Every structure is written in structure tokens, then in C-alpha cells.
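Colleague: If you want the building blocks of each chain, they are given just below.
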Amino acid sequence: MSDQPQLFKVTIDNITIEVAPGTSILEAARKIGGDVAPPAMCFYSKLKGSGGKCRTCLVEVSKGSEKDPRPMPKLVASCRTTVMDGMEVKNITSERVVDARAGVVEFLLLNHPLDCPVCDQAGECHLQDLSYDHGKAGTRYEFQRRTFKKHDLGEYIQLHMTRCILCYRCVFTAEQLTDKRSHGVLDRGDHAEIATYIEKSLDNDFIGNVIDVCPVGALTDKTFRFKNRVWFLKPVDAHCSCSKCSGKVTLWYRGDEVFRVTARKDQWGEVEDWICNECRFEKKKTSDWTIEGPRVIDRASVISQGHYVGVQKPKETFEAVLDGRKPRLFMDIHSVSGVNRPDINLSLIEGPAHSDDFDRVTKKD
Amino acid sequence: MQALTQKSKPVSREPMSLMEKIYLPAVLKGMSITFSHMFKKKPTVRYPEETRPFSPVFRGLHVLNRDEEGRENCTACGLCAVACPAEAITMEAAERKEGEEHLYREEKYAARYEINMLRCIFCGLCEEACPKDAIYLSETFAPASFARKELVYAKNDLLIPNPKTEPEAFAKAKGLKPIK
Numbered sequence: 001m002s003d004q005p006q007l008f009k010v011t012i013d014n015i016t017i018e019v020a021p022g023t024s025i026l027e028a029a030r031k032i033g034g035d036v037a038p039p040a041m042c043f044y045s046k047l048k049g050s051g052g053k054c055r056t057c058l059v060e061v062s063k064g065s066e067k068d069p070r071p072m073p074k075l076v077a078s079c080r081t082t083v084m085d086g087m088e089v090k091n092i093t094s095e096r097v098v099d100a101r102a103g104v105v106e107f108l109l110l111n112h113p114l115d116c117p118v119c120d121q122a123g124e125c126h127l128q129d130l131s132y133d134h135g136k137a138g139t140r141y142e143f144q145r146r147t148f149k150k151h152d153l154g155e156y157i158q159l160h161m162t163r164c165i166l167c168y169r170c171v172f173t174a175e176q177l178t179d180k181r182s183h184g185v186l187d188r189g190d191h192a193e194i195a196t197y198i199e200k201s202l203d204n205d206f207i208g209n210v211i212d213v214c215p216v217g218a219l220t221d222k223t224f225r226f227k228n229r230v231w232f233l234k235p236v237d238a239h240c241s242c243s244k245c246s247g248k249v250t251l252w253y254r255g256d257e258v259f260r261v262t263a264r265k266d267q268w269g270e271v272e273d274w275i276c277n278e279c280r281f282e283k284k285k286t287s288d289w290t291i292e293g294p295r296v297i298d299r300a301s302v303i304s305q306g307h308y309v310g311v312q313k314p315k316e317t318f319e320a321v322l323d324g325r326k327p328r329l330f331m332d333i334h335s336v337s338g339v340n341r342p343d344i345n346l347s348l349i350e351g352p353a354h355s356d357d358f359d360r361v362t363k364k365d
Numbered sequence: 001m002q003a004l005t006q007k008s009k010p011v012s013r014e015p016m017s018l019m020e021k022i023y024l025p026a027v028l029k030g031m032s033i034t035f036s037h038m039f040k041k042k043p044t045v046r047y048p049e050e051t052r053p054f055s056p057v058f059r060g061l062h063v064l065n066r067d068e069e070g071r072e073n074c075t076a077c078g079l080c081a082v083a084c085p086a087e088a089i090t091m092e093a094a095e096r097k098e099g100e101e102h103l104y105r106e107e108k109y110a111a112r113y114e115i116n117m118l119r120c121i122f123c124g125l126c127e128e129a130c131p132k133d134a135i136y137l138s139e140t141f142a143p144a145s146f147a148r149k150e151l152v153y154a155k156n157d158l159l160i161p162n163p164k165t166e167p168e169a170f171a172k173a174k175g176l177k178p179i180k
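As you go down the protein sequences, you meet chains B and S in turn. Per our numbering, the first sequence starts with residue 1, numbered consecutively. Per our numbering, the second sequence starts with residue 1, numbered consecutively.
Just so you know, the hints here were simulated from the structure itself, not pulled from any lab data. Keep in mind it's a predicted model, so treat the numbers as computed, not measured. A few of these clues could be false.
Unchecked claim - To spell it out: a stretch of chain B is covered by chain S in this simulated footprint if at least three of its residues, at any positions, have a beta carbon under 8 Å from a beta carbon of chain S; those stretches are:
(1) 224–238
(2) 336–346
Said to hold, decoys possible - With the Cβ distance kept under 8 Å, some of the chain B side facing chain S (calculated, not the full set):
(3) PRO113
(4) PRO117
(5) VAL118
(6) THR162
(7) SER304
(8) MET331
(9) SER355
(10) ASP357
(11) PHE358
Glycine included, C-beta positions come from ideal geometry on N, C-alpha and C.
Pulled out of the complex, with its shape left as it was, chain B reads as follows (with noise of 0.2 Å):
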């Protein structure tokens, strides 16, 4: 847009910002920040063509433009409408988008399960946060909810599709990743599901980003299944050589094992940059990566639990003062606790564990 040196001035919430034209309502929001910006459960600005499902980003456009005051009459998807210049936007200020915002929550969580307490993705869950900040406490809803049983999408991917909010952005990410897409949305309306044809698995090399870019836990890694809560994971940095990839990637620690690796996300939960499956299924060990330091959790993310920053830790003073000799442990919890064993390396198992990888175990001694 350099040739275009017009910049269209846009009002959201009474906060004015110039953005280049085409912009959309959701992309200008962004700009500006903080609460301003409305959710966005289909949208992803890295994949063309995403958005306008979800209608999560609706608001309301009080000015259509400098040149035609009029407002718009029914609230329009943030993602799909670009901005005209002198253009108002409400959105957390609307009454009506805040009303019609919890309805669409409603209406998403008609189907949900309330299975967060099994979920892998609950701590890092779109639909939790807007849910939570956006929706109701209750719902009205009082017949079955559609059921669907869970799928496996090749050997690393495991598809719950009756968690699945139908945003297509997987199905956006396997198109234009990869070259050859062979899952998407099989039936209409209430029986729509992400499927794979013919129990096609996909292997592509990039096609564990369908994980990463799921707001909910449709999309789960099944070397991470069951392993371990999100929140209790420290995430690092890190990155690799990696030829196929840019091997940016966060490890989720637990201890000095690896329990997960994912592509890092910014603060509007799109990965920065889409990473290959060998680093995320296969590279398991400190040794495969060079660690950079902590990865910066927003504060109010359950992540952040438990993560003390800037702890200063008294001096360990024993040693000095005992010549070098470690003191002597009166209790060695291994002796005592049976989680967190090191003779069992959790993030090494394939897939979830089961009881025999923990009777294997409790056989041993």
C-alpha cells in the first residue's frame, strides 16, 4: 500500500487510529489493542480466506463512513468488513454487540462438551477465554448435544469432533501449508463434521499446524494426549536447524522432560511461524534444541500459575559451610511418591499413557 499513500481514519470505540485501506475492522482494532479488539475464533490473519464464520467479532458500525454517515443497520463480522475512512465502530461500548456477542457464545457452546476437565486444550482454549469474558453462565439449551466419536487424523493428530466449532481453520491451514489437503468438511448444517475422506491420513509435513491454529481441542497432539496440564508446563523458547521448517518453536518443560512442543504464538493466539512435524512430534529432548530463555506468558493466563518471576532464591549456603559435602537428604521423595518417577519418562511414552505404563512401573519394585 506504499503507492497508496491515503490512510483511512477509523473510530473504534472511540479511539481513532489511521490504517491503509482494505484494512479490516478486526486487523485496525488490533492496532489499537487491549480490550478494543474484538475476539475472533475463525479468523486468523495468516491464513487467506479464514474468517466469517464464527460471527464472535461482530460490531457495530454507528458511521458507515466520512461520505455516507448512514450506520449500518445490523452489526457486521469485524474479519470480513475493511474499514471506509471516517468510519465509527462500536464495539465493547455497543449494548447490542455485547448482547449479541453472548448469543453467538450460546449458540457455540450448544454443542461444546463441558469435558474441559479431560480437554488438552483447557489453559490455552479460545472458547474458555470467550466463554468466560463474553458469555453467560447459563444455558438454555435442553436436548442432547451432537456427539461424534473421537478420530484419529494420522498417527500424531487426534480429531474430538464433537468439540469442533467449525471454523475451517484447519481445513484453511492443510489447503494452503501443504500441498495436498485431504480432510475437510464432509455434510451440512448440525451433521457437519472435519473428517478425512476415506480415512486418508495425512501426512504432510506441515499439517501438525492444524493443532496449533484449533481454538478449541478439536485438534489435539497425541504424543502430548493426557500427558500433562498446560498450566503445570513451563514454556521455553527455543529453536533448532531445522530444514524444512524455521525451527522457532516453545517447549513445554515439566522438570527436564520435553512433554510438548508447539510453534510460538503472539498475543492474539496465531502462531508466529508454522513449524514442520519432525520438531513437533519427534524432537522430544533438550539435546535437539537451543534453549533462549522463558517464554513471556500474559499474566492473566493460567499458564502463568506457579511461574515466579524474578524469585530471588536465598544462596544455598550448606555447601559452603560444610566444605563442599551436600547435605544429607533425610527424605528422597522418590522413595516415597510415586509421580514424577525417573524411571519413567512420560514424555517419551507414545500417545497417552495407560495403566500398564504405570504397572510396569509399580511391577518394578
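Use these hints to put chain S onto chain B, whose structure you have.
Modeller: Same frame as chain B, now just chain S:
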């Protein structure tokens, strides 16, 4: 020196009167107070034969609950551990296999669940956080112990007896029958 309070009384240095000199009235007055307590209600109980009733909101030893079919409620969601201010709770989750449906209520369950009673402060936040009605603080004291290793409670120590296989123990744990 300035007095801190107005309550201090100066010690009387006057010589004792006759009544004070014979001591007997003061002794009798003291004894009457002592013996009057024999006829008052005893504030102590004969523990362990006798126990005081617990308040219904008493927060004691943790119990991991089962549903009416005897399946464990806990899904290892980690909310109790994240709510725990003392960081006493740790767990490891596993996926339920086929054929284990009678053991665990949901597809994910806690393969390991431990509460370190040395750390626990019995605040009850785990109970409040639990979305599955799985953990409760019962009206029992956590037993004391001389060894620290006995105070790390594993899942088997915490689980309520199975109502299907051990109905009597379950009823006792629930307090449905008087405990003799």
C-alpha cells in the same frame, strides 16, 4: 516510669488485719471455688473413647470420591493442584483403556494422585475447585505420624471404599451408620 495501662495496682504494704492473719477464711474461700467445679459441667471429653462432634464444614482428611457405581470421579484435570496454595497435590493422568470402564468414570483418569499431608494446610480450595465432585475434605483428622514418609498419601489411601464391592466400608466412610 510512665505506666502503660491504668490497670496496675500499687502493692499494699500495710500490716495484715486479724482476719488476714488467721488465713482460714481465705483458704475456705479458695476451697469453695475449687469444690464448686466438681458440680459443674466438665468441659473436657474422654478422648479417644469419646469424640466431639465435628462441624459440618469441618475440613479434615481428604477423600477421593466414587460415583454410585464405584467408578472413580477424578479425571486428573489438575484444578485442585492448581488451586492448592501449599502445592501439596500432584498427579499423573492416564487414558482409560477398553475394559476399564467400570473403574473410571471418564476417559481420562488419575493414574497417580498424591497429597502431601506435610504440606497440606486444609484450606479446602481443592474441594472448591473440583469440577467432578471428586475430592472432599472429610470430618476426620489426618492421622499423626512419626515418619514423614507416611504422610505422603497416595490414591489408595485417599479413595473412598467402593460402594459395590465394600458396601459396609463405604457406608462407614460416608457416616451412614454409627461408628462404634
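Colleague: All hints, please: hold or fail.
Modeller: Tested hints:
Counting residues of the region 224–238 of chain B whose beta carbon lies closer than 8 Å to any beta carbon of chain S gives 7, which meets the minimum of three for the stated coverage. Here's how the region 336–346 of chain B fares: 6 of its residues keep a CB closer than 8 Å to some CB of chain S, so the rule of at least three is met and the hint holds. With a cut of 8 Å, the hint placing PRO113(B) at the interface with chain S is violated, because the nearest CB-to-CB distance is about 11 Å. Contact between PRO117(B) and chain S, as hinted, is supported at the beta carbon level, the nearest pair being about 3 Å apart and thus within 8 Å.
The interface hint given for VAL118(B) is met, as the beta carbon of that residue sits about 5 Å from the closest beta carbon of chain S, less than 8 Å. This hint is violated: THR162(B) has a C-beta 12 Å from the nearest C-beta of chain S, more than the 8 Å allowed. Given hint, SER304(B) at the interface with chain S, is violated; its Cβ is 11 Å from that chain's nearest Cβ, farther than 8 Å. Because the closest C-beta pair between MET331(B) and chain S is about 5 Å apart, less than 8 Å, the hint holds.
Taking 8 Å as the C-beta contact cut-off toward chain S, the hint placing SER355(B) at the interface holds, the least distance being around 6 Å. Annotation: ASP357(B) was flagged as interfacial toward chain S, and the flag holds, the nearest CB pair being 7 Å apart, inside 8 Å. At a threshold of 8 Å, the smallest CB-CB gap from PHE358(B) to chain S is about 5 Å, leaving the interface hint in force.
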